[in-house]
Each structure stands twice: as C-alpha cells, then as structure tokens.
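Number of protein chains: 8
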Amino acid sequence: MADYPAFRFDWQRKVRTGIPETVMCEGKTDDQIVEIIEHAQERGARLFLSRLDSARAEKVEIKGLDYCPLSRTAIMGGIADLRPDDASVALVCAGTSDLPVVEEARRTFQFHGCEVPVFADVGVAGLWRVMSVAEELSRYRVLIAVAGMEGALFSVLAGLVPGVVIAVPSPVGYGVSKDGAAALSAALSCCAPGVVTVNIGNGYGAAVAAMKMLNSASAGQGD
Amino acid sequence: MADYPAFRFDWQRKVRTGIPETVMCEGKTDDQIVEIIEHAQERGARLFLSRLDSARAEKVEIKGLDYCPLSRTAIMGGIADLRPDDASVALVCAGTSDLPVVEEARRTFQFHGCEVPVFADVGVAGLWRVMSVAEELSRYRVLIAVAGMEGALFSVLAGLVPGVVIAVPSPVGYGVSKDGAAALSAALSCCAPGVVTVNIGNGYGAAVAAMKMLNSASAGQGD
Amino acid sequence: MADYPAFRFDWQRKVRTGIPETVMCEGKTDDQIVEIIEHAQERGARLFLSRLDSARAEKVEIKGLDYCPLSRTAIMGGIADLRPDDASVALVCAGTSDLPVVEEARRTFQFHGCEVPVFADVGVAGLWRVMSVAEELSRYRVLIAVAGMEGALFSVLAGLVPGVVIAVPSPVGYGVSKDGAAALSAALSCCAPGVVTVNIGNGYGAAVAAMKMLNSASAGQGD
Amino acid sequence: MADYPAFRFDWQRKVRTGIPETVMCEGKTDDQIVEIIEHAQERGARLFLSRLDSARAEKVEIKGLDYCPLSRTAIMGGIADLRPDDASVALVCAGTSDLPVVEEARRTFQFHGCEVPVFADVGVAGLWRVMSVAEELSRYRVLIAVAGMEGALFSVLAGLVPGVVIAVPSPVGYGVSKDGAAALSAALSCCAPGVVTVNIGNGYGAAVAAMKMLNSASAGQGD
Amino acid sequence: MADYPAFRFDWQRKVRTGIPETVMCEGKTDDQIVEIIEHAQERGARLFLSRLDSARAEKVEIKGLDYCPLSRTAIMGGIADLRPDDASVALVCAGTSDLPVVEEARRTFQFHGCEVPVFADVGVAGLWRVMSVAEELSRYRVLIAVAGMEGALFSVLAGLVPGVVIAVPSPVGYGVSKDGAAALSAALSCCAPGVVTVNIGNGYGAAVAAMKMLNSASAGQGD
Amino acid sequence: MADYPAFRFDWQRKVRTGIPETVMCEGKTDDQIVEIIEHAQERGARLFLSRLDSARAEKVEIKGLDYCPLSRTAIMGGIADLRPDDASVALVCAGTSDLPVVEEARRTFQFHGCEVPVFADVGVAGLWRVMSVAEELSRYRVLIAVAGMEGALFSVLAGLVPGVVIAVPSPVGYGVSKDGAAALSAALSCCAPGVVTVNIGNGYGAAVAAMKMLNSASAGQGD
Amino acid sequence: MADYPAFRFDWQRKVRTGIPETVMCEGKTDDQIVEIIEHAQERGARLFLSRLDSARAEKVEIKGLDYCPLSRTAIMGGIADLRPDDASVALVCAGTSDLPVVEEARRTFQFHGCEVPVFADVGVAGLWRVMSVAEELSRYRVLIAVAGMEGALFSVLAGLVPGVVIAVPSPVGYGVSKDGAAALSAALSCCAPGVVTVNIGNGYGAAVAAMKMLNSASAGQGD
Amino acid sequence: MADYPAFRFDWQRKVRTGIPETVMCEGKTDDQIVEIIEHAQERGARLFLSRLDSARAEKVEIKGLDYCPLSRTAIMGGIADLRPDDASVALVCAGTSDLPVVEEARRTFQFHGCEVPVFADVGVAGLWRVMSVAEELSRYRVLIAVAGMEGALFSVLAGLVPGVVIAVPSPVGYGVSKDGAAALSAALSCCAPGVVTVNIGNGYGAAVAAMKMLNSASAGQGD
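Chains as they are written, first to last, in my numbering: chain A, 1 to 223; chain B, 224 to 446; chain C, 447 to 669; chain D, 670 to 892; chain E, 893 to 1115; chain F, 1116 to 1338; chain G, 1339 to 1561; chain H, 1562 to 1784.
If you're looking for bench data, these hints aren't it; they were derived computationally from the structure. Beta carbons are placed, not taken as given, at the ideal position from N, Cα and C, and that holds for glycine. Some hints could be false.
Unchecked claim - With the C-beta cut set under 7 Å, the calculated list includes, among others, these residues of chain F facing chain H: (1) Pro-1120; (2) Ala-1121; (3) Thr-1144; (4) Ile-1177; (5) Gly-1179; (6) Val-1239; (7) Val-1271; (8) Ser-1300; (9) Leu-1303; (10) Ser-1304.
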C-alpha cells in the first residue's frame, strides 16, 4: 500500500559498533520480513532474526533459513566454525522454563561463531545446584544469568564469582512475578555489586553486551 | 472537639485470638495516645505501642513507659521473666539497615515474655555468612527473615532449612527497591515453597504470626 | 536442539526442607514435562505437577498420572491412606470462583497423605455464612483462606479465630481487583494481626507452608 | 504580580446543583485565600474552607473564621440551629486514625446545619464492635464509612445494613496500604453491592454526596 | 470431584439489605452455574446472572433463562410489570461503546421491575449533546453516568444537575485509558462534588446502589 | 434489544472545531457500525473509521468503503484531489514496526485531501539515518514522529529541527517497553523543548492536531 | 572538586531550533547556577531560569536577575517591548491552584517579548465559566490549558474551539489525582481530537511548543 | 540496646569477587557507622562509604575520612597513586544535574586507584555536543552513561561507539520522569544493543561492574 521504503537497513552498524543489525520480527508483517530477507540475500549478507513466532516459521524456512522454535530465532547464512569455549562466557539459568531466553542468547553467540556452555536449572531453591558448579563458573569472565520468579540467582551468583553478571529477567512467574516484573526488580536491586541488567527476556541483548565486553577487552589489550 | 468516644479498645481480643490489641501510633494525635494509655492504666492492663516516632517519646515516657527509639515501640507494664530460647523461633536479617524492623519484632516477643535470638547481617552477597549459620538455623521451627533491596535471602533460607520462613520485606533500598517494593515482590515470588509474607516493615505482625503458629501447635498437642 | 541437560531435579530437597520438589508446568514444553516424568519413574519416585493446562492433560494421563482439571494438577504414584482430619488445618474460601485455588491446595495435601476439610463460599457479603462456622473454624491450628475481589475475608477470619491465617489472594475480580491485585493488597494490609500471605493463586505454596508449620511443631515437641 | 483575576467564584452553584462552592486551600497562596474570604464577606456569604493546614490557621482566624485543626477546615459565617439527627445519615470509621477524614465530613454537615452521629473505631479486627451497633446502623438511610489499611469494613457493613454505603478510603497504613491505596481498591471491589466510593480522604465529597441523596429524595417525594 | 458443597446461597440477603444475591458467572464452571440455577428453580426463586459470556449462553437458555448478549446477563423468572419511569433515575453514557455497561445496569433495573430511560452518546467532545438534555436530566434524583476514555462526562454532569451522579468507568480506550484506568481516576478526582464511583464496568453495582438510595429514601419517609 | 438511539452523531463538529467526527470502531458491534455508515450515507456525508480489525473489514467493504488493513482504517466517500506536499508536515518513524501507526496518520491526512511524505526506519540506533534526512526535515513546520521501544527519536529530532514535534508513542516493545509505556514516558520527558505528545498509538489524533496547527495558522494569517 | 567543565552551554540552539537553551535549576547546586549566570553575562546573553526555589532566589537576585516566586522563574537581561496580544495564543486554567504553572508559561512568553492573556479559574464544575469565554477563546490559534484533578477542562475546550489545545496537567489534587497523575491520563485520553500534551507542570515546554507552532506557521507563510 | 553484633563485615569479598565490601550508610545509625569505621581501623583496612548525607559528614571527618558532599561518599585510608587514564573507561553524562551520580562513580574508581575522565553535559538536545566527542568516546572499552529525564543519551551513545555502555538512570526529572523512572525504562528498552543497566542513581554499582569487565578481561588474557 505504502509507496515509500519501509526499512533502511543499517549495514554500517557492524563497522561502527562491532555488531551487525538484527531483525526483530515482532510487529513486522510477513511481507516486510520476506522483503528484508531478500534484500539481504541480494547483498550476500548473513542475517539474524529474533522473536519470530513458530506459526510464521514456514515463511522464512522456504527462504532457506535455519529456524529454532524454542528461541524463536532464525539464522540466514549458516552457522559454521564454532569456536570452542575458552572460559570467556557462560550461560546460567534458574529453571527449565527459562530456556527460551537462554537459547535466544546461545543462538546469538552461534551466529557470531561461538559455542557457549549452558548451566541449566541451578535455581537457589536447591542451593547445592549452584554451589556444585560455583568453582567452574568462577573461571568465566562474563556470566549471563537468566531467572524469573524472584530472581534470587542474580545476587547469589554475583556474591560467589569474580566475573561480571549480566542479569536477564525471564518472563516466568505468576501473580506479582508475572511477565518477569519481580525478577527485573531483583536484578536492578542486587545487594551484590557487579550485576548489570537488560530488559525482560532480552537474551539477544545480553549476548551482544557480553561480546562487546570481550571484544573491547581484546581490542583494548592490543593498543 | 469531638463529643463521641474516639476509640473502643478490644479488650476481648486476647481471649478470642490469643493476642491482645496493640496501639499503632501513626495517625493518632498525642492526646489520643495519652488517653488510651490512661484508659489501660485504669484497668491495670499492660500495653504495646508501635510506630511511635522518637519526637513523641517524651509523651509516653512521662507516663512510665519503656521506649525504644530503634524499633519505635513503647511497652507499658514492664518486661519480666523472659523465657530463654528453646529453638522455636529466630530472627534473621540481611543487613544492618534492617535492624529497626528486626527490633520491632524482638520487642513484640519480649512484651510476650520471650527472648528471641537475632542473626544479623547475613545477606547473600557474602553467602558464607548465611551458610555458616545454616545448621544452627535448621534447628528453629520458625524463622522470621527481614530483608530489603532484592530480598534474595528469603529464597536462599527457604531452600536451606526445614522451618517455616516468615518474610518481612524491609523498606531499605533506592530506585526500584525504594520503600521495600522489590523485596516484597521477591518474598511473594519465592522459588522455594514454605515462605509466607507480611506487609513491608511489619515486624510486629511477623512476631504475632510466629507466636500463633507456636501457640496453636502447643494447644493442639493438648487436644 | 540443546545438548545440555534441561533440568537438575532436587531429589535432596525433602531431606533438607521436609518437602520434595514439585514440577510447575507453566513455561515448560510437553517434551520437557514428559522427560521429567520418565526420569522420576526410573527412580520410582512419586511426583506432583502443578499449573498443567487441561489441553495438555492427555500428555500426562498416558503416563498413568491422575489429572484434576479444576486444580490443573497431576499426581504420579497414587494417593493412598489419606489420614482423617485432626483439626490441624482447614481450607476456607469466599466464593465458588475461588475453588481452583482451593483445590490446588487440597490436592497438595492429598499428595502428602492428608485429607483437609473445605468451607466454601463463606464470603463476608453474607456475614452469617462465616459466623455460622466460626466456632468450628476456631478449632483449627491453621486456616488457609482463599479470596479474590476485595479480600475482606482475611481480616474478618483473623479477628475471629486463634489459628494462623494463611491468606491466598485469588485471581477473581475485574477492574481494580483484576487478577487478584486488590485481594493481595488486602491480605498484606490486614488490620488484624496473625495473617501471613502467599502469592496470588498460590494454593500449592499455602499448603506447603501449612505442612511446615505443623510438621515443625510436631518435630519441635519431640525435642 | 498577575494583572488578571485569580478566581471566578461560582456563586450560582447552589442554585444549579444544590450545594455552594467550597474553597480547597491546598495549592493556593495565603494571599489568594484571604482575597477569596474578603470577596465572600463583601457579599455577606457564608463559606467553607477545606485542607487548610494548621500552620496557616492564624491567617483565617484573624478574619473571624472558626478553624478545626483535626479536620483542617474553616467555617465562615457561623454554625447555628443544628438539626437533630433523624436517622438519615451516620458516620462510621474503622479506627482512631481515621478521625481527620470523619471530622472533615462532620464539619461539612455542620456547615449545612446538620449534626450527624459518629460511630468510631469499629474496625473488623474486633468484629463484635461493628456487630454491637449493626442494628442501630440499619436504621440509617446512608452510611459514610471511613477506613484505611485493607478497608474490610466497607464490605462487612454493606452486607449487614440496607442503607447505601459511601466508602471513603483513608490515608492510613504503610507498605502496600500507604496513602490509602489498598483501602481504595477494597472500596471499589466490594463483594457486597450497594457500596459507592469517593477519592482517598475525601470526607467533604462523601458528605456532599450524602446530602444530595437525601435532598433529592425529599424533593422527589414532594413531586 | 469435590465432595463438599461449592456454594452457600445467601437467600437472606434481600431481607437483610433489600437486594437479593446475584450470580456473577466469571470464574465459575458451566456445571457450577447450572447447579445454582437448578437450586434456585427448586426454591421457585427468581435469579439474575451477570458476566456470562455469549459462548456459554446456550447452557442457560436451555434452562429457560432470558439471555442478553450485549450486557452478558441472564434473567431467570421473567420480567413483568415494568413500572414506568418516575424521574427517579436515568442512565447516561458518553459513547456507543459504553452500551454493554449501560445495558448491564438497565437489565438489573428490569429484573427489579423498573424501566429506566437511557441517554446515550452524549460525550463532551460535542458539548451540545449533553447541554441539549441537561434540563431534562436535572429532573432525575440519581444519574448513572457511564464513560470510558478520559471520563470528562462525570464532572460536566455533576456541575450541571442537582441529582447524585454515580460514575461507572467503562473499559473503553487504549494506551493510558486502556481498560478504563483513566476514566476511573477521573471519576474519583471530579472537581465537582456529588459524584460517587463504582468499579470499572460495574453497571450492576451502580444500579443496586441507585435502588438503595431510592428505596432507603422511601422507607425513611415512612418512619 | 435497546429501544433508544445508540448514537448521536456530532455533525456540527466540523463547523465548531474544523474537524468532522470520526468513528472509532473498537468496542462497537458490527450492527452499530453498519447503522452509523447507513446514517451517514443517507446524509451523503463522507466518513473516516479507525481501529477496525481486518476480521471485520468485509462488513464495511460491502458498503463500498475503502479499507486499509495495515492502518485498520476505512474511508467512506473516496479520496480525491490529493494536494501535493508543501513542506508543512512530514511523518517520521523509528522502525518498520511503527508503520501501522504511521499509516493511521497518513490515511487521516488523505481523508482530508492531503498527501504527506513518510520518512520510515530512521531510529537513532543508526544515527546516520536521521542525520541524513535532518536538513530535509528542517524544512517542515510540523513533524509527526512515531517511535516505540525507548522513544529516543523524539528528543533527537526536537534538538535538530525548528518545527514542532508531535510525538506518537508506538505500542512496539516488550518487557518495560511493552505496549508503548516507555516511549510515552520518553515523549513526555524530552530534554529538548518543543515536543508535544498524544496517546500511545494515536496516529489519528496526531494528524488532527497537525492539521489544526496549520489550519489555524492559515486562518490566523488572514485576520 | 571536579576538574572538568560541569556544563557545555548550547548557544547554537536558537539558530538550530529557534529557541535558546534554558537553565532548569532543579538538581543543580547554587555554585553551578551562579557559574552559568556569570558565563552568560560574559557573553552578554539573556537567560531564562526555571524551577528555582524561592529559598535560592537571593542567589540570583544579587546578580541582577528578575525573580518571580509564584512561577519560580528568573529572567536575566530584562523584559522589554512586550508585543500586545494578537489572538495567537491564550492561557486558560481550571482553578486558582494551577496558577504557578500558568505563570511559568506566561513568563516564558514574556522572556520572548510577548504578553499573553490569561483566563483563570474556568474549571468545568461551573460550566458557565468556560462557556462565557468560549466565543472569545475561539479566536485564538493555540490554547494552553492547565488543569489538575480530573483534567476535564482539556476535553471540554477541545470540543468547543477550533484552535489547538496544548494540555498541561497540573500537580494539583490528592489521592488518585495526586501530583497530576489523573490529569495527565485525561489529557492523553481526550475524546475530542486536537489535544496535545506535555509533562505534568511543564508550563515552559507548553509555551515553547506554542511559539514553535506560531513561528513555523509565519515562517511557512513566507515560503 | 541490642546485645548481638549488628554487622558481619565480609572481609573475604575481595578475594572471592575482586571487589571489597562497601558501606552503604542510608538506613544505618550514626553509632553503627562509627562502629564499622573503628572495626576497619583496627584491621588497618581501607573503606569506602556511600550515600552518607552531608549533615552526617562531621561524624566521619573527625575519624579522618575524606568526605565529598556532591557524591555523598567518604574514603578511609587515602587516595594515592592514581593511575592515568588508559582509554579503558570514561564517564559521560547528559546534564549538570547528573553530576552527583557521576561523582559517586568517579570516587569509586579513585578509591581503587584509577582516575577516569568525565564528559559532562552532552545531552542529545544539542546533538553536536555528543557528536563532537564521539570519536574520542569510541576509543574507550566501557562507557558509563548517566542520564535522567527521558534518557535518550543511552541509545544515541550505543549507536555511535563500539564500547559497552553501562546506563545509569539518574533521579533527575519531574512528572513522569520523577526519580528517574523514565530514564530507567529507556535504558532497559534501548533500540541499540550493547547497553546494560544498573539501578537508578547507582554510580557505585556501575563503576564496580566496569572494573569487573576490565579486570576479568586482563585476568582472562593471562590464561
């Protein structure tokens, strides 16, 4: 209907900030998503799509994209040469229900060529679970912690390990913790310093921030 | 000014519910508080007053009451024959700033003849602090836990000990945790079951609930 | 898709806290739930599942679980030898619409071998309803009270009986009381002390807290 | 400083709606209040001023007004010929701390020549208090009920008496009930119908609404 | 599944408060609603059901009830002998989208034998609409005003007419006025006194309050 | 069912305020919308309908209206003689997902005979996008800016151009920015003055305000 | 203490956006304000300061600034040659308590050489007040309307006049309208289109937006 | 009054997490703060105190601490050997009013031996300010950005530079941005990825997180 271009892809973003633009599919029509994919294919570019409901997966799969229903992400251009883990970053989550957010982060790392380990279901209700991996977690420079409900995992982790903790509140819970509200408050109020936060469910943003922390660090060392 | 009685003291409450009525001073004028005190003195009754600002302490001290500025409570009729602790209930708090709430609870127990131990400043930022007392805390039937900020202590405690945890969110924090809002959400959202909650800063209510749990239990055994 | 374990079951929780871990199904995929069931069946363990929508009931029923649509719970391992009521705990609710929450609590007790009486539809709009059972309710050590709307039942009960009242706000209402918000505020603000609260709709948590209160009491008596 | 008139008094309001305009002093400067008083005195009009802090009382007392510190109201033009109560309206409140709001309503009635009875401190924590006056309260056509905290009084009253209940949430409480928020939710969510609500602390508005209900009724009977 | 009675109908409520109990269907199962209907039919009682979604209408229609989809109400026992309007109460609404709430109120009046006039779509965006009926509206003792969006109608009406205005915020709007939130705030904050409020969308409650105002008035005159 | 008119169309509004009444379809039944259309067709009037879900489009299309699914608007009476753009107003949006709101505004302009240019997808994450059109945007007297998420575009625009910025928060985002809440706060809090705001998603209102700004201006010049 | 410059004055802002930068004093120390004043005096620039509490007025008065306590503004460089009103913009407010916000706007106009008329105390509780000036208000291109409480004035005005209405919610009210919250919701939810809004109490921003509307219009005419 | 230790200093925290415990003074009594200082002095430890109001500064100054009123921090044990900046981290803020938060962060760095550059007053209302330092800011690995109001600076920065942006919402603003609420929402909703957030006003936490990012990086390089 419209006679103006619906998008201006920010191809320069990778040069400028180190991270290429991603397509967040929520709020976009099927036609707009397909148009962006074709635009990228013409340029021979790789592409990462997030928040794409499984009901719409077929639309991107016929274009040859790799779709993951748990994380609701699609990758265009393949995943290859995953670098093995070098103790730089790990994913940790409180419960099984947090895995969609964990997987959004893990897929983001995979798109950028990095395989990141996951420590799932280590919520503080059974403190031995996080304690049993605490020493191992202490080796990582950055921990991305995903938790819903009351989000106590963020503070417990930050008090145990030297790495930075990126807290990702997860939309898991009901009543006052519905949609991740209580976990977000917990993340921002941590009694242990060294915790930073991203928006509820923003596994993608957490992964990008972690890569920036590590990339900058490497770059910085070279100066 | 008014020509009607300003209060109807519920002297029967102790018979009915096991706990006598308390005078919450916030919102009452100095004259009203003094009138209630004199009314109780005429009956020879003991009395517990809460939320009485230190600026008004003189008003009750000249009536012979024992005033505590940290907890903002006053006791009329003396504290005597404090029973030693029998591992029934303990007070636990995350930080030094939570002590006003802890003390409101402790004074409530003292008014009812019971000395209750306090485990202060065991917040989860230094997890060793709560771990070092975990075995001892496991002996208590009821734990009253006071915490502000993100309130992670509630979940950690509930995952470690068999006793009931009464969570008291404390009005300690700033930004999203200002006035205890985040800690209240945490208390209600605990991933570990067995946690019950009272209103923010309600040390008095937590102590009464604990006494009811233990009194009923005793009474029940006698049936 | 993931190549890491999605859950770490906390089998030690019963030893540590007296209550075994429960499976909250909201947010878990069908595959994850089935995997947990099979894991438990291999251990010969009994299991309690909560918040399992009736659309997914078939998935657990073919595994031999007992599913209850009103409470959205499933029990694996059977219910046997229900102990008769000994005046320790009763369930009370304000209206018929609160029954899903009441039943979640009652099923939790049944899983633990205890049959608990229910006093339904005794909301304060018809005060005679709660007054007519007040004397009987006074015999119980713990009352689990479920109410939505304005939640006035919590305060009225707490002023009438000596037992502890565990208030469970129910997601019943509309406008300002939608999703249980007003009832939660009422539970936390009760003018009558001796009321403790759990999250909105958390019948399971209320039942566990009640069992802890009574178990600890018994255990305590034996010291 | 301004060279335009700061107010346009609505002298016609009484003719139009049956109730004259009132001066709410919050937000007005001392000079503006004095100017309005002088303007009314020139017309020989009577005047009701609300929400006038006691620190500013002297400003109106030197103009001959009758100031009441508890209700923070001032009356210009005297109170005379108070009609005795004819069972049309009564004031009821849950606790002593609600009296400032009760008195704002009572002073409004007095300004309009009517003495209204007060039933103070009948909160539901001691249900016998409201039950002992229930029969008497049943005789009134309109009950203005003032309560803070969880506001359970509104529902209990509405379930007991045939009259309309005007609920006035009172800014009494702390934590989730701070500033009357929980009581307002309760008033709007009453499980018993026949309750209408005004803004938190609006004793004046409740009194005006009650007078309108009764005036219209009388007027109506005459048709 | 449950072996206890799911409801205790408050048949005495009419004697006590003048208004019989109503069945709010939201949150009740189909079986529970049918059981209540049969229970009432056995007593030969009339019944009013509210908030019954049209998808469930068939369940009550086969029992002979009169169902209205716009108001989502059902009436059992017929509507007969509707008294003509005697200028006691009128329904007013701001827009066409408010009619479901208006009709819930009108059906409530019809159940009680009274036909009430409706002045629809008189929102203040076209002020002439309310002005053109202002004189007629001034004749009514009680005006039930329904409005969503910003709810300006409440204040405008209250400044124009002598009758009491019962404001019913309507769940019409989007953004900040979504679900009636802004209209509720407006109703409670009216700059014109004489406005009382009920919960968002509570047409039933407004009608009951109006009947109580008028019934009490009549009854009162007879004393 | 109702025997009263469901709407009073404000045909005089154009004379009075310069803008004719629009039909907001949300909350209206299909029958009511058709009735309004027929009423307008009888008068030979043109009509603009907003917030009409595509599932209901058929209802208006059979009446000959032009329906646009992206903006959910329908136009009755045709669009003709679109005036070319004269640098008076432009539409700007941060991302592709904001286009439904942009199109609601653009269709409003088209209904009034004006074609307005759109600058889409110029969000500040790639600042070069808005910088590259800044000089062009500086030529417009009024800019309607649509943005969701954190709404930073509003402030950046207002600091760059001399025209008025009408900020339209868009319901694009998740977590704390869900439904446009964060963007609304940003619009109201702009550090750069000269920004005014309308409700979330209110493209129609923004277009009307812009036309009023320009119409008044023209009219004013003629005085 | 700091060894870096505390401010970077945006002297180019007038060239870029038509309006020079203003100094908002809230949150700045006395020293910082004085430093900015001296910096401007060195350049020979005029300056407008807002939100400067009267307790700090002396600090700026000794520098020769003209301070106004009601609006809490200070003007440096004098006010001269005020242009007479040409029916372009008028200030309207609902009550006397809104005058501080009105005056902040009026002083902003004065700083820019324009005297703007004020129509005070025309709130809708006495609708005749706004009706009696409606014809006169219809002559203005832009109306800045200031109102607290329920903010009904915004909608009533917008339905009566052809000019744009800039709604400024005023922090006047209590309970749900405390700090202007209800008035802000009303402004954003206006049922009459053509209303735009600024932040609560932002008289300065409203004045700047009005000037931009009129300046652009003039500029535009010249193209 | 209490006979139990009020604090348990977490001396091991530095070993465990790399950062020693800090004393947050808000909520602690003067006596408690002095007791902690003396306890640290006995150990010969250095100490950092935050949120210490200037009215209480004298209490710590007589103990020999270095107090800074703007940041409300005190340092015990001196600041020495500040390392020059090596392009690892910079502080950026939107306005002069944000400097208290900036200084809390800068003092934290100083306590740890590091001098960090400040780029003050570069808010986006004058975009040239941030653009003129963009190239310089691109050299830093971590940017701590402090902004109140609408917080647009966070997104603009993140779109311009490769470093991680730690957003610190500042309690600067009024109306909807009061106390930093709008800026916090903006920080969490940034359309540009690579932004992480801490609680409102938490300059200390941002500094600690930055040091952890850089320390871990260095440590990591050594592996």
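Numbers of the earlier hints that this structure fails to satisfy, in rising order
1, 2, 3, 4 and 5
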